[in-house]
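Okay, so the sequence shown: first residue is 235 according to the working numbering, each after it adds one.
Take these hints with a grain of salt, some might be off.
[Said to hold, decoys possible] Here are the simulated BS3-like cross-link-like pairs (lysine-lysine), alpha carbons at most 25 Å apart as the crow flies: (1) K586 with K623; (2) K481 with K430; (3) K586 with K607; (4) K633 with K604; (5) K579 with K623; (6) K640 with K559; (7) K583 with K627; (8) K467 with K440.
[Claimed, not checked] Just the calculated beta-carbon pair ranges, DEER-fashion: (9) K502 with V584: 57 to 63 Å; (10) P417 with K586: 31 to 37 Å; (11) E442 with N517: 17 to 23 Å; (12) K512 with S451: 31 to 37 Å; (13) D626 with N594: 31 to 37 Å; (14) L367 with R631: 57 to 63 Å; (15) M577 with S451: 44 to 50 Å; (16) N595 with E348: 47 to 53 Å; (17) F436 with S280: 41 to 47 Å; (18) S451 with L365: 28 to 34 Å; (19) A556 with F612: 36 to 42 Å.
Just so you know, these hints were derived from the structure itself, not from any lab. Since we're looking at a predicted model, the values are computed, not measured. Glycine is no exception: its CB is placed at the ideal position from the N, C-alpha and C atoms.
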Amino acid sequence: MKKIITKYIAFIIIFLLLVGLTGTYISEYRRAINTWDEFYRTPENSIDVLFLGNSHSYVTFNPQILNSILNIKSFNLGSGSQNIIQTYFNLREILKYQKPKTIFLELNTLYTEENVTPLAFKYENFDGMKLSLNKLEAMLYQFNSNEYIYALFPAIRNHQNWKKVNIMEENLKRKMSKDNSVPTYGYKKINTVISKKEINKFKTAKNEEINLNYNFSMNNISYLEKIIDICKKNNIELVFIKAPVFKGRPYKNNYFAAKKISDKYNIKHIDYNFLHDKLNLQNSHFYDSGHVNYFGATLITLNLSSWIKDNLNLETDFNNEAYNKILEEYQNRYALNVEDLEMEKINEKVYKFTVKTFSNNLKHAWYIYKNDKRIKTFSYSKENYLIYKFEDKGTYRVKYYIRDSKKNQNSGYYPTIDIN
Numbered sequence: 235m236k237k238i239i240t241k242y243i244a245f246i247i248i249f250l251l252l253v254g255l256t257g258t259y260i261s262e263y264r265r266a267i268n269t270w271d272e273f274y275r276t277p278e279n280s281i282d283v284l285f286l287g288n289s290h291s292y293v294t295f296n297p298q299i300l301n302s303i304l305n306i307k308s309f310n311l312g313s314g315s316q317n318i319i320q321t322y323f324n325l326r327e328i329l330k331y332q333k334p335k336t337i338f339l340e341l342n343t344l345y346t347e348e349n350v351t352p353l354a355f356k357y358e359n360f361d362g363m364k365l366s367l368n369k370l371e372a373m374l375y376q377f378n379s380n381e382y383i384y385a386l387f388p389a390i391r392n393h394q395n396w397k398k399v400n401i402m403e404e405n406l407k408r409k410m411s412k413d414n415s416v417p418t419y420g421y422k423k424i425n426t427v428i429s430k431k432e433i434n435k436f437k438t439a440k441n442e443e444i445n446l447n448y449n450f451s452m453n454n455i456s457y458l459e460k461i462i463d464i465c466k467k468n469n470i471e472l473v474f475i476k477a478p479v480f481k482g483r484p485y486k487n488n489y490f491a492a493k494k495i496s497d498k499y500n501i502k503h504i505d506y507n508f509l510h511d512k513l514n515l516q517n518s519h520f521y522d523s524g525h526v527n528y529f530g531a532t533l534i535t536l537n538l539s540s541w542i543k544d545n546l547n548l549e550t551d552f553n554n555e556a557y558n559k560i561l562e563e564y565q566n567r568y569a570l571n572v573e574d575l576e577m578e579k580i581n582e583k584v585y586k587f588t589v590k591t592f593s594n595n596l597k598h599a600w601y602i603y604k605n606d607k608r609i610k611t612f613s614y615s616k617e618n619y620l621i622y623k624f625e626d627k628g629t630y631r632v633k634y635y636i637r638d639s640k641k642n643q644n645s646g647y648y649p650t651i652d653i654n
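Between the sequences and the hints, there should be enough to build the whole structure, so can you do that?
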């Protein structure tokens, strides 16, 4: 009888180990897991500056820029829709491997209530953490009891993928190539520009009503105070930081509520919502109403590099050459960024195509395609528009090119046109 029980126990242990080890191989790709993997591969106690938070953090603050300019090692351990409870347990996990001198806490994580964080994002952050007592404790505070087995065993949660060989192959290739991959330090680059439709939502936005009595939930404040306490005990300077949102989107009540806490605990506090004008943030610096794109992130991180040099007690070696090089690259790319494409139908066969950019010093060229074959070329000129008559029936596409004086270029297509 004892042998049978022993065999059953051994079988269960082996089964659970196999299920646990194969979980990440049958799950669809998610960035937070890769971010944790890159973090764990980072040499111990080598990170000077760390960013915590959700997507507002990892699309805004680019460690690659800070590392180049300040000659430090920074990392952004943000994950999608991360709430303050997750941030707290992430910090405990971080301190097992790193001793950062400064932690920037992106405050949107404080605004996010635990019960509104989508379950998929909870799993994503949780899956990336190594199995430990800290991870098990994090599970107890983040998931309902009926979710424990799915949190611990992604293979069970994603059982529908067991027969999807392509997912396993892609994950295996990703795992095998990690040592040769280019580090992102947790930053996610986004090139998309906010749509006209979303911009229009805020054209008639009313002024935000200020409620100085507004505050965060007691539970969120409690976990924030735990983070403050951990940083204090580990001699880490904690800095509150807030990525900007699109003008017209409410933010001030959250700011004043956070400022009460930063004042109480004497914590440095940067809110980039108050620096829109100073940094000349435009529509083109956002990819939606809540997040900046590459252009916004570059401007903000350049500004932050100077702020760190002037306000933190860090050993930095500010590299003006690197700063100017990154700024020049940003300016060149921004000039080539397309603000808007206009396609005006003048009559049944004549159309006007216009490319609006953020620079007047560009040249424009045009290719006309019929049924995927190029039939007409308009060489580079200063005109940012083309009027063209489609003579014959068919399916057409118009491709634009824009180029600066250094021959950096950008291109794209207008929507397909059917001439009957």
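Practice problem: Could you check the hint for me, namely that K502 and V584 are 57 to 63 Å apart, CB to CB? | Solution: Holds - the Cβ-Cβ distance for K502 and V584, about 59 Å, lies within 57 to 63 Å.
Quiz item: Given a hinted range of 31 to 37 Å, is it respected by the beta-carbon distance of K512 and S451?
Solution: This hint holds: roughly 32 Å between Cβ atoms.
Quiz item: Within 25 Å, alpha carbon to alpha carbon, are K586 and K607?
Solution: Since the Cα atoms of K586 and K607 sit roughly 21 Å apart, the hinted pair holds (cutoff 25 Å).
Quiz item: Straight-line Cα separation of K640 and K559 no greater than 25 Å?
Solution: Holds, at roughly 15 Å.
Self-check item: Outcome for the supplied range 36 to 42 Å, where the beta carbon pair is A556 and F612
Solution: holds, 39 Å
Quiz item: Within a Cα-Cα threshold of 25 Å, do K633 and K604 meet the stated pairing?
Solution: OK: K633 and K604 at ~11 Å, within 25 Å.
Quiz item: Within 41 to 47 Å or not, the Cβ separation of F436 and S280?
Solution: holds, 42 Å
Practice problem: Could you say whether the range 31 to 37 Å given as a hint is met by the Cβ separation of D626 and N594? | Solution: holds, 35 Å
Quiz prompt | Outcome for the supplied range 31 to 37 Å, where the beta carbon pair is P417 and K586 | solution = violated, 46 Å
Quiz item: Do L367 and R631 keep their Cβ atoms within the hinted range of 57 to 63 Å?
Solution: The hint (57 to 63 Å, Cβ to Cβ) holds, given that L367 and R631 are roughly 58 Å apart.
Quiz item: Is 17 to 23 Å a correct range for the gap between the Cβ atoms of E442 and N517?
Solution: Holds, at about 19 Å.
Quiz item: Regarding the pair K586 and K623, is the alpha-carbon distance no greater than 25 Å?
Solution: holds, 9 Å
Of the numbered hints given earlier, the model fails hints 8 and 10; all others are met.
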